Amino acid sequence: MAKQKFIDAVRGKRTASAPWVPYAGMHCAFVINEPADKYLQDPEILARGLVETAKKYKADGIPLIFDLSIEAHALGCELKWWPDNVPSVTTHPCSDKTPSEAGLQMPTKDSGRWPVIFEAARIAKPQLDELDCGLIGGLCGPLTLASHLAGVRIFTDVIKNPKFAAEVCEFAGRVGAISAQLYAEMGCDVIAIIDPVASQIRSATFQQFVTPNVEPAINAINGAGKTSTFFICGDATKVLKDVCELNTHGFAIDEQLNMNFVRDLAKEHGKGFGGNLKLTLALSLGLLSPREDAIVSLSAGGHIGYTFAPG
Amino acid sequence: MKPIMPSTLNLGKTCIKENGVMAEKIQIDVLTLDSVQCAACGYMMESIAALPDDIQDMIQYSEWSIKNKEGIGKFMELKGKVLPSICIQGDLVFESIIPQYEELIDEMAKRAPDEAVRNRLVSLRDEGFDFAKIQENLKKAGSGLKTKAG
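Heads up: the protein sequence lines correspond to chains A and B, in order.
At position 236 of the first sequence (counting the first as 1) the number is 236 in this note's numbering, and the numbers step up by one without a gap.
In this note's numbering, each residue's number is its place in the second sequence (first place is 1) plus 1000.
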C-alpha cells in the first residue's frame, strides 16, 4: 500500500504505477457482515469495517465514510435508514423558506453524527497509517446539500428563483467548509467534495451555483495543507471543463464518462483524475469482464495523475 | 388563492376527466442506478413524486433500477444511454438533467393522450412542486424497493 503515491496522483503528479482506491462505502459493512444502519452509527464497527476493507483490498487510500446525508442530518433533516444502503434524506427544511428563515445553524463537531465519525477516525487512522493507506474525508458538495435542504425545487429555483437558490447554495457551501475543517482535524490526507447532482445541471448553472460555493471548502482543505479533490457522478460530460476549472488538486468521475476524454481534459488543466471502473456494468451486474475493464482503465489512465478506482 | 381544478377519478392506467371521458394516463419511467444510493437518481424520482395531486392523477410512474434484471430489461427496451434518465411515454426526455417543474409539464403536455389532458397540464404550469406527499408517492412508485442486484 502506498499513501504518498495516492496523494501524488490526486495532485496530478507522475507515479510509478496507478494507486488503487476502492470507494468502498457501505461495502465495508458487508465485508464485516454488519448492517449498514448499525455500521454508520457505531464508531468501533465503522473503524473495524474500514480497516478490514483496506487490508482485504490492499488499498492505497480509502474513504473514512461515503455518506452524503451527514451534513443534512447535522442540520436537522430527517433520515430513512436502510440495512443495506446509506440513509435517504426524507425532509427538506428549506422547501418553503431560506436557511435563515428556517433557523438553520452552522454545524459543529458535536452535531449529528460528527462525534461518531471523529471517534471512528481516531480508532482507524493509526491502523491505516501502519498499512500505509491514505484516509479520505468526503463532504457533501453544495448543490447536493442544497437539494437535501430545499428538495427537488432547487433545480427549478436555479432558473426561476435564483436569489433563493443562491442563498441555499451559499449556506451549503459554508457548511461544506466546516466539514472540510473537521476532516482535516481528523487527519484525513485527501478531502473530497462530493457533489453527485452537479452533473445533472447545465454548465452555466454549475458556474453560477456550484463553482463559487465549493470555494470555501477548497480553501479550507488547501489551507490546511491537505489534498483536495471533487467527486462528481453521472454523465458529467457537459460540466467536466467547469470541474477542471475548480481550484482542487484533482477530481473523480463515474463509469459513464469516456476515460480518454477525461484524461486529456485533466492533463490540459494539470489535475489528478480517478474513477471510471465500471462499478455497475462489471462489478455489480457482471455484464462486462471486470478484468478487461480494469485493463482498459489502466491503459487509458496512464501514469500521470491517475488513480485506479471504481466509478 | 389558487384555483381549484376539477378532480379526476383514479382508475389504474386510465383516469376520468371532468367531462366523464376516459383518458390514458401518461406513462413515466425513471431509469436509475438506485434512488437510495445515488442522490441524482433520488432527486430525479422526487421531481415526479413532488408533482401536485392534480398531475399525480394524470400520470403513472415507476423507478427502474439497473441493479435488477427488470430494470436492465427496461433500460434496454427504452434504449437508455445514461443514468439517471426520465422517459415520458417511452421517449428519453431528461438524460442526466434533473428537470425544472415547467420543463416537466411542457414535456408531458407534448405527449398528452388528448387535447383535454394537454390543456389541463398546461393550466397547472404555474402550480409548482408539492412536497406534502413525496414519501407516499415514492412508495407507490416502488422507489428504493427494488434496488438490490439479482
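It is worth saying that the hints were derived from the structure and are not from the lab.
Quick caveat, the model's predicted, so the values are computed rather than measured.
A hint or two may mislead.
Stated by the list, open to error - Among chain B residues calculated to face chain A with C-beta under 8 Å, some are:
(1) Q1037
(2) C1038
(3) K1067
(4) L1083
(5) Q1089
(6) L1092
(7) I1105
(8) E1107
(9) F1129
(10) Q1135
(11) G1142
(12) G1144
To be verified - DSBU-like cross-link-like pairs, simulated, lysine-lysine; straight-line CA separation at most 35 Å:
(13) A:K80 with B:K1133
(14) A:K80 with B:K1067
(15) B:K1133 with B:K1110
(16) A:K97 with A:K56
(17) B:K1081 with B:K1140
(18) B:K1133 with A:K13
Claimed, not checked - From the derived model, a few chain A residues whose C-beta atoms are all more than 12 Å from chain B:
(19) M26
(20) I45
(21) T156
(22) K267
Glycine included, C-beta positions come from ideal geometry on N, C-alpha and C.
Status of each hint after checking the structure:
1. Q1037: Holds, because the Cβ-Cβ distance from Q1037 of chain B to chain A comes to roughly 5 Å (cut-off 8 Å).
2. C1038: For C1038 of chain B, the interface hint holds, since the closest Cβ of chain A sits about 7 Å away, which is under 8 Å.
3. K1067: Constraint on K1067 of chain B satisfied, holds at 6 Å.
4. L1083: Since the shortest Cβ distance to chain A is 7 Å, the answer is holds.
5. Q1089: 21 Å, violated
6. L1092: 12 Å, violated
7. I1105: 11 Å, violated
8. E1107: 14 Å, violated
9. F1129: Check passed: Cβ of F1129 of chain B comes within 5 Å of chain A, closer than 8 Å.
10. Q1135: 6 Å, holds
11. G1142: Not OK, violated: G1142 of chain B not within 8 Å of chain A, min 14 Å.
12. G1144: 7 Å, holds
13. A:K80 with B:K1133: Between K80 of chain A and K1133 of chain B the Cα gap is close to 15 Å, so the pair holds against 35 Å.
14. A:K80 with B:K1067: Status holds; Cα separation ~20 Å.
15. B:K1133 with B:K1110: Measuring from Cα to Cα gives roughly 26 Å; hence the hint holds.
16. A:K97 with A:K56: 47 Å, violated
17. B:K1081 with B:K1140: 26 Å, holds
18. B:K1133 with A:K13: With Cα atoms ~50 Å apart, K1133 of chain B and K13 of chain A exceed 35 Å; violated.
19. M26: About 8 Å separates M26 of chain A from the closest Cβ of chain B, which leaves it inside 12 Å; violated.
20. I45: Non-interface label stands for I45 of chain A: nearest chain B Cβ at 20 Å, farther than 12 Å.
21. T156: 4 Å, violated
22. K267: Nearest chain B Cβ is 24 Å from K267 of chain A, so the label holds.
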